[in-house]
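**Student:** Here is how the chains run, residue by residue.
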Amino acid sequence: MSKPPDLMQGTLDLLLLKILALEPMNGHAISVRLKQVSSDVLQVSDGSLYPALHKLEQHGWVTATWQVTENNRRAKFYRLTRPGRRQLDKEAANWGRISTAISRLLDLGHA
Amino acid sequence: MDFERWLHVLALRWRSLTGARQLDRDLDEELTYHLEQQVEELVGRGLARDEARRIVRRNFGGVEKAKEACRDARGTSTLDAAWQDVRYAVRTLTRAPGFTAVATLTLALGIGATTAVYSLIDVVLLSPLPYAAPDQLVSITGPYPNGAFAAMRRELGTMDVGAYADGHFFTLSGRGTPVRLAGTRVSAELLSILGVPPAMGRWLHAGEDAAPNDRFAILSYAAWQTRFGSDPHILGTSIELDGQAHEVVAVMPPSFKFPSRRTEVWVPLGLDPRNTVRYWASDFMPVVGRLRPGASPADAHAEIRLFQSRIVARFPWQMPADWNRDVSAIPLHDALVGDVKTRFLIMLAAVAAVLVIACANVANLSLSRAASRRREIGIRTALGATPRRVAQQLLTESVVLAFLGAIAGVLVAAEGLSILKVVLPPDTPRLMEAHVSWRVLLFAGGLAIVTGCSFGLAPVAQALRTRLNGALDSGSRGSGGSVAAPVRAALTVAQVAFAVLLLIAAGLLVRSLWTLSQSDPGFHAEQVVTAHISPAESICDTADRCLTFYRELERQVRAAPGIRGAALVNTLPLTGAIAKRSVVLQGYTVPDGKAAPLFWLHAVTPDYFKVMNIRLEAGRTFTPADLTGRPAVAMVTGATARRFWPGQDPIGRQVRFIDERSWHTVVGVVADVRGFDLARSVPEWIDGAMYVPHGPNATMEDGRIPSDMAVVLDTSMDIRRVSSALEDITSRATGPVVVDDVRAMKSITADAIAAPAATSSVLVTVAMLALALGTIGVYGVLSFLVSRQTREIGIRLALGARPSDVFWRVIGEGASLCTAGILLGLGGAFAVTRWLASELHGVNATDPVTYTAVAAAVAVVSLAACAVPTRRAMRVDPLIVLREP
Chain X
1052 MSKPPDLMQG TLDLLLLKIL ALEPMNGHAI SVRLKQVSSD VLQVSDGSLY
1102 PALHKLEQHG WVTATWQVTE NNRRAKFYRL TRPGRRQLDK EAANWGRIST
1152 AISRLLDLGH A
Chain S
830 MDFERWLHVL ALRWRSLTGA RQLDRDLDEE LTYHLEQQVE ELVGRGLARD
880 EARRIVRRNF GGVEKAKEAC RDARGTSTLD AAWQDVRYAV RTLTRAPGFT
930 AVATLTLALG IGATTAVYSL IDVVLLSPLP YAAPDQLVSI TGPYPNGAFA
980 AMRRELGTMD VGAYADGHFF TLSGRGTPVR LAGTRVSAEL LSILGVPPAM
1030 GRWLHAGEDA APNDRFAILS YAAWQTRFGS DPHILGTSIE LDGQAHEVVA
1080 VMPPSFKFPS RRTEVWVPLG LDPRNTVRYW ASDFMPVVGR LRPGASPADA
1130 HAEIRLFQSR IVARFPWQMP ADWNRDVSAI PLHDALVGDV KTRFLIMLAA
1180 VAAVLVIACA NVANLSLSRA ASRRREIGIR TALGATPRRV AQQLLTESVV
1230 LAFLGAIAGV LVAAEGLSIL KVVLPPDTPR LMEAHVSWRV LLFAGGLAIV
1280 TGCSFGLAPV AQALRTRLNG ALDSGSRGSG GSVAAPVRAA LTVAQVAFAV
1330 LLLIAAGLLV RSLWTLSQSD PGFHAEQVVT AHISPAESIC DTADRCLTFY
1380 RELERQVRAA PGIRGAALVN TLPLTGAIAK RSVVLQGYTV PDGKAAPLFW
1430 LHAVTPDYFK VMNIRLEAGR TFTPADLTGR PAVAMVTGAT ARRFWPGQDP
1480 IGRQVRFIDE RSWHTVVGVV ADVRGFDLAR SVPEWIDGAM YVPHGPNATM
1530 EDGRIPSDMA VVLDTSMDIR RVSSALEDIT SRATGPVVVD DVRAMKSITA
1580 DAIAAPAATS SVLVTVAMLA LALGTIGVYG VLSFLVSRQT REIGIRLALG
1630 ARPSDVFWRV IGEGASLCTA GILLGLGGAF AVTRWLASEL HGVNATDPVT
1680 YTAVAAAVAV VSLAACAVPT RRAMRVDPLI VLREP
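Sequence order for the protein chains is X and S. The first sequence begins at 1052 in my numbering and counts up by one. The second sequence begins at 830 in my numbering and counts up by one.
Bound conformation, chain X alone:
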């Protein structure tokens, strides 16, 4: 990408990609997992979760299929694609670079 992605937007994408890299999941499960792993630090409203998922799907980074859940309901499961995995690596590296840079900047004052 030519310009660095909007931070919050990019962060949500990164988190979603990372969660889906572990296993395919449906939207509800993702929402639950998000709350668990971030210990409620990251407040992601469910209202913005789904648009983000759909955008990842349109970019071809995840695919969605309808599957039956444990409790015998039909739900849409998202799965990371190969380009999605590459995107995850890229964004993770990007995130690492930015956060290091910002930390360094913040440390300047203390020195």
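Quick caveat, the hints were computed from the structure, so don't treat them as lab data. We put the beta carbon where it would ideally sit given N, CA and C, even for glycine.
One-sided excerpt, in silico: chain S residues whose CB lies under 10 Å from chain X:
| hint | residue |
| --- | --- |
| 1 | S845 |
| 2 | L860 |
| 3 | Q866 |
| 4 | F889 |
| 5 | K896 |
Given chain X, work out where chain S should sit, using these hints.
**Tutor:** For chain S alone, kept in the frame of chain X given last:
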């Protein structure tokens, strides 16, 4: 973006566009599931169901808003925007009907002309030949006689070969009035090599082209319909060709036109090794080959070269060392379209230039409009439209406009194509197959996009430079944007240059045509009507009977009312018929390694020179006594005499045919006649021309006197009356006689000029179009410049400038643009017209007269185009202009 993902995304976008309703249902189900799951969770923790629902709803925060965001994520927004742009463009264009009409018309002419020529090129140059696996077909460039072909067929390993001899005529008799069928002699394998199955019947079997087992005939579909009434039981029946029974073995499909659509019947070659002269000397035939599996064109080429070095030694006589030495095997397609290619590419280049001019015109028009739309664009920018968005919208408008032009252009192309089909010479290969196909439509669509984007660039560039403040302040008729003036000047210069280039090309072709039509053909036959006479074999089986028939025919024709003179000749000038013989000339030694001179042999009756008004340069013409052949006499043309007996008196010299003993004494020298085409009396491979009396010594290469003759009549009667008079006379002969090709000699001469005339008339039309468009362009840009400077001119006038100062200033501006254009055009023409050289006769590709005339004409026309805006500038009233806000 990698390809896999790109495909995936494309599929998703497609689904977003087409399956929106299904996607909405899916989205509902997905969100419902999510909400219900959360409700279940809360209920599991002990909340009441109603309470749980409320909390979940609140936490989710606007289900409809989320749905809308999801729909946005589907990525149709760019497409939506594009669609919005298209609708907006259509609305804008309908609000400016004048601009839209002019631009559409201009583009329609440019795109239409280009598309029409492309539709020809698509079929003639780009489509594969209508034969099986056409890329395996090659043409062997040298023609070979029967014997050499038979050896080639036996010995080549890289390809199967078939030969054909075009231009034969067969008299079909035994079915009412005898008629002449245009025929092609073919080797047994030719049709199977081309791989076109017959509509009914079978191909020839191997060996069915060798005498005496060669009495077969294959009919063209058209001949089967018109000559045999579509007789469904024709196969296996016997038809009489040249007095001999031939079994019909096949009828070819309507699409099969080989070697041209003239051929009505295909007849086996009739290979006969015992007839040495015919086997090795007559009918030098083109050869078509089909590469065998595994063989490459290079292999075939190498093998045919090797074969050529062997075959020369096997001729029963010494062949010239350089005969067919540079033979090669080239793709059949190239061989068939060879000389047409240049003409088509010239035409394509010409119409492409017109398209460029049209584009420049529309770009200029758009710039004028863009200047008046600066406010609109300024407002849109102020309201938050990004430059990219503005550019996209403007480009969309141009492309929509170009598509309007392309739609109208396809109509122009269809009309143009039908005109081209009439104008172009009918022997153009595959001309009639050209039509507006889907590929042509695709081409027109592609042109629309390319032209739209290219003329659309100018207003976009202008809009992007528009400064927000500058556009919104009140001086909206200010300097018109920094990009406009130089771009418009450049466009105008280019237009004039292209128009000059095209006019010079057209001018050269017209001058060449003029030279051709004014060149002295050597005969003056304003009142001559000719006809082709083909007597049946029974009349001409011996020389004596044949001559008796013709003497009687000539006597009766001469006695017929309304006929002032009559004569016979074997090959009429300018009809493509050639008779040739190798000769030995007394007092001329053939240089080492060269073949004996090859002469065009005319067999004529004594009055031929009088009827055709061919000037006698020395000696005498033939007398009736010469027709007996004792003593044998001959005449030569002036050029022949000068070439072979330079500085000597040709009268009394002797000449003989190479395979005969008796000498002919030259009794006269006549003027050269343009026999081959209007530029040449004989083709390059023939060395001279001689005449012999139509008597027993007028033998041709096959050792026989010619049986078919043309009769030339000095008469004022029209063709129909001549035709019936001739039929009346020939009906009294002892056997069937075909009289056809009854034509005025004038029309034969006119036809000879048809092919070059077609190219030049197309180019003249195109050049005129270019000049018209270019002139409009000059007018448009100068009007724009004047309107831009109205205020300035007003101030100048108010400060005391005279109207003549204004005149010189404005006209000077126009003149400098035109001069630059003309100079550039002249330079371009100088560089480019050498490609025309092959189409020019008697005029140099850098002919100064044409260049000067075109430059002067364009200067006058473009200055005239400057006149109106200049007048407007001189009439500027400073009082009115300066009071305007």
